[in-house]
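Using the hints, position chain B against chain A.
Residue numbers (my numbering), protein chains in the order written: chain A, 1 to 530; chain B, 1 to 306.
In case anyone wonders, no lab produced these hints; they're calculated from the structure. Heads up, the beta-carbon is just placed ideally off N, CA and C, and yes, glycines get one too. Wrong hints could be hidden among the right ones.
Said to hold, decoys possible - With the C-beta cut set under 8 Å, the calculated list includes, among others, these residues of chain B facing chain A:
#, residue
1, 41
2, 48
3, 76
4, 80
5, 83
6, 95
7, 159
8, 160
9, 238
10, 241
11, 254
12, 260
The lines below spell out each chain.
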Amino acid sequence: MRQAFKRLGAAMLAGALILGTAVAANAETVLHRGNGAEPETLDLHKSTGVPEANIIYDLHEGLVVFSADGLPVPGVAESWDVSDDGMTYTFHLRADAKWSNGAPVTAGDFVFSLRRAVDPATGSEYAPTLAPIMNAEDIIAGTTPPDQLGAAVVDSRTLKLTLKAPTPYFIGLMAHHISWPVHKATVQKFGDEWTRPGNSVTNGAYVISEWVPQSKIVAKKNPNFHDAANVTIDTIVYYPTEDIDEEFKRFRAGELDMTYTVPTDKVKWAAKNMPKEYRNSSYFGTYYYVVNLTREPLGTDVKLRRALALAIDRDKLVDKITQGGEQPAYAWVPPGVAGYDYQQADFAAMTQAERDAEAKKILAEAGYGPENPLKVEVLHNTSERHRRIAIAIASMWKKTLGVDMTLTNQEWKVYMETRDAKQFQVVRAAWIGDYMDAVNFLDLFISTAGVRNDPGYTNPKFDELMAAAGVNPDPAARADQLEEAERIFLADLPIIPIYHYRNTTMVSTKIQGVIENVLGFHLSRYISKS
Amino acid sequence: MLSYAIRRLFGAVPTLLLLVAVAFFMMRLAPGGPFDKERKVPAEVLANLEKAYHLDEPLIAQFVRYLGNVLRGDFGPSFKYKDFSVTELIWGGFPTSLTLGGTAILLAGVIGITLGIFAALRQNTMVDYVLMASAMTGIALPNFVVAPLLTLVFGLWLSWLPVGGWGDSWTQGILPIVALTLPEIAAIARLTRASMIETLRSNYVRTARAKGLPERVAILRHALKGALLPVISYLGPAVAGIITGSIIIEQIFSIPGIGRYFVQASLNRDYTLVMGVTIFYGVIIILFNLAVDLIYGFLDPKVRYD
Numbered sequence: 001m002r003q004a005f006k007r008l009g010a011a012m013l014a015g016a017l018i019l020g021t022a023v024a025a026n027a028e029t030v031l032h033r034g035n036g037a038e039p040e041t042l043d044l045h046k047s048t049g050v051p052e053a054n055i056i057y058d059l060h061e062g063l064v065v066f067s068a069d070g071l072p073v074p075g076v077a078e079s080w081d082v083s084d085d086g087m088t089y090t091f092h093l094r095a096d097a098k099w100s101n102g103a104p105v106t107a108g109d110f111v112f113s114l115r116r117a118v119d120p121a122t123g124s125e126y127a128p129t130l131a132p133i134m135n136a137e138d139i140i141a142g143t144t145p146p147d148q149l150g151a152a153v154v155d156s157r158t159l160k161l162t163l164k165a166p167t168p169y170f171i172g173l174m175a176h177h178i179s180w181p182v183h184k185a186t187v188q189k190f191g192d193e194w195t196r197p198g199n200s201v202t203n204g205a206y207v208i209s210e211w212v213p214q215s216k217i218v219a220k221k222n223p224n225f226h227d228a229a230n231v232t233i234d235t236i237v238y239y240p241t242e243d244i245d246e247e248f249k250r251f252r253a254g255e256l257d258m259t260y261t262v263p264t265d266k267v268k269w270a271a272k273n274m275p276k277e278y279r280n281s282s283y284f285g286t287y288y289y290v291v292n293l294t295r296e297p298l299g300t301d302v303k304l305r306r307a308l309a310l311a312i313d314r315d316k317l318v319d320k321i322t323q324g325g326e327q328p329a330y331a332w333v334p335p336g337v338a339g340y341d342y343q344q345a346d347f348a349a350m351t352q353a354e355r356d357a358e359a360k361k362i363l364a365e366a367g368y369g370p371e372n373p374l375k376v377e378v379l380h381n382t383s384e385r386h387r388r389i390a391i392a393i394a395s396m397w398k399k400t401l402g403v404d405m406t407l408t409n410q411e412w413k414v415y416m417e418t419r420d421a422k423q424f425q426v427v428r429a430a431w432i433g434d435y436m437d438a439v440n441f442l443d444l445f446i447s448t449a450g451v452r453n454d455p456g457y458t459n460p461k462f463d464e465l466m467a468a469a470g471v472n473p474d475p476a477a478r479a480d481q482l483e484e485a486e487r488i489f490l491a492d493l494p495i496i497p498i499y500h501y502r503n504t505t506m507v508s509t510k511i512q513g514v515i516e517n518v519l520g521f522h523l524s525r526y527i528s529k530s
Numbered sequence: 001m002l003s004y005a006i007r008r009l010f011g012a013v014p015t016l017l018l019l020v021a022v023a024f025f026m027m028r029l030a031p032g033g034p035f036d037k038e039r040k041v042p043a044e045v046l047a048n049l050e051k052a053y054h055l056d057e058p059l060i061a062q063f064v065r066y067l068g069n070v071l072r073g074d075f076g077p078s079f080k081y082k083d084f085s086v087t088e089l090i091w092g093g094f095p096t097s098l099t100l101g102g103t104a105i106l107l108a109g110v111i112g113i114t115l116g117i118f119a120a121l122r123q124n125t126m127v128d129y130v131l132m133a134s135a136m137t138g139i140a141l142p143n144f145v146v147a148p149l150l151t152l153v154f155g156l157w158l159s160w161l162p163v164g165g166w167g168d169s170w171t172q173g174i175l176p177i178v179a180l181t182l183p184e185i186a187a188i189a190r191l192t193r194a195s196m197i198e199t200l201r202s203n204y205v206r207t208a209r210a211k212g213l214p215e216r217v218a219i220l221r222h223a224l225k226g227a228l229l230p231v232i233s234y235l236g237p238a239v240a241g242i243i244t245g246s247i248i249i250e251q252i253f254s255i256p257g258i259g260r261y262f263v264q265a266s267l268n269r270d271y272t273l274v275m276g277v278t279i280f281y282g283v284i285i286i287l288f289n290l291a292v293d294l295i296y297g298f299l300d301p302k303v304r305y306d
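Pulled out of the complex, with its shape left as it was, chain A reads as follows (with noise of 0.2 Å):
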């Protein structure tokens, strides 16, 4: 009998278990996020891409984060305060910072950190982010040891950073997870494999819980997070999903709530039928063409490069063949810079038409025609995008210029290589910000930029303006100064822009919280789903 009693007590037990993990479940909610590639690396001082970001903004936290609609406010540190001379910013971190263990996140925690993130054994490629901050750049070239950062100890709660030069997008670039703590007992005790589900110990809205690579990678709520009470998604599963179409059916057949991106020939079905999902807003990044300043003509005559520039019709191109309402670009820095005015090329203000009689006059003038027509190559890397869109302008050049365009395609490391050794006439290229300034865009050009100062381009001019900027403390004369750069370098033309990003993606009307902004980042703490 007492058998028998204890035998239907561990049955209602384990019935009651069931139970209660079936209500558990279903109180549960599962976040399904699309997020293409696998991350190359979820060390968030080695990473580098977006998918990789969308992850690690999630697991942790650096003293400013980004708020839903994508601006920096503060995260770890509650407050901060700037030297008059802007040069130190001491930041005061908030008494209920945690790591996912519990352990409280100190000032020691970040100056670690920031340490690791420059000290050349990391092999960071994103360690010249942190340039402004003094000393950071001869520690990244070796020359000096990294425990001369310029990053201090006040006490365990206050941290004080000393820059080079006053440094006005400072703040924004603590948005940026390279800035951001690692948990430096994890880091290690299980050297490269830290991020991994078990050893990772982060303190952000989330911890990982499972990495399968080209599966999922699976995050649970962090009850040790100080904003855990208004954390509403418990669990996040992130996809990596390289095939575009793939993605965007299975968001149709409701196993993604959101997707990466939308596949560009689908974005006016999408627009079309499902308008309340589809979701379309402006991405900081340009689409352009790059000359090759070193190679004439078109290197060495600015106008011939105008004309070319004149003849692409904008306008046409998103529409027919990017698709994906794309703002058609007549400048370089995109539009949306806080305190930064937008500006663009004299002939953004021209009609088509006009731009098409001016390009024609130029051609003429320097001797081209039908019997001597302007030879371009045009190479790109191996995609039926960037294919589409070349041919595209080949055919207004063609029709308006009676430009013979050829080109060429290589696989994309080929491509790079060929790009680097500047062996190209035209390249197409692109670039996407990483933080809310000019500089991030204008910084390319600067004639010490090396190889990543595509055309080749040295205005001496350029470079005194960005130069001063980069020391300037007063923001309004410091934009001035950025605005009349890039002015001057629309007007030499080494690149052709073309267009400004938009970034497409696919979110279900059961999901809150996914606001539009410009970086296009989306923390899964601020998202909610019904």
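For chain B alone, kept in the frame of chain A given last:
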């Protein structure tokens, strides 16, 4: 026969070494490297990275180091997926590819051989024509057409099956297995039919029939054994290919197999991963070719391994 198998395995060592050497140097001849990106890495950072991965050493020194590591069973870290070693990536994905490919080839073998025999016995009838026409269609329609069609019809329109994913529910395996199986059924059925027709005309089958054996026994015990020889030859490399995954099927159905690494690793110049999958595939091919030869010993009385 055991000694034959052991001899063959020892004989494979130089083959593998040659494979490793050729793959290693060809990979390095390809333009570009693992750290070439649109977002340029500053020279000093690139130097740090190359040092960390020993890419700054002379190529020969790198090769010797690599060979030494491989002999110790260390295939190195992936250059692209930095948080994982090559061994982890391959052993992590192989069970998935094996499950998927193994099921597909098993189904394809059973169905294909049955259909092939069936068509051969009814040679030049309507049944034969219909079967062979569908087999031809199956061979002609590539995976990358069939797979998206399957997801569209059964995943989206009918909503019967998941569009993609792996490991959450067994139903996620159905469409990829169908997509993998169809072309294999077609190939095996055609091979079986052709070889069966030839065998049915042979003297030993005529003898079997002449001595009064029932038709079923004459076909299954005598004709089939001989007819399977070309099918087995085909199946050896086919099994090796299918259980090491397919990039097309894996990408379309979001399956975490190892097929994608064969293509992506070389596109990414992920040197260590390219070497890892090359060696892995080499070993599998050698094993299956050996298996084919051993099975021949059972099926064909003319083959002896002593």
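* Asked: Broken hints, numbered, in rising order?
  -> 3, 6, 8, 9, 10
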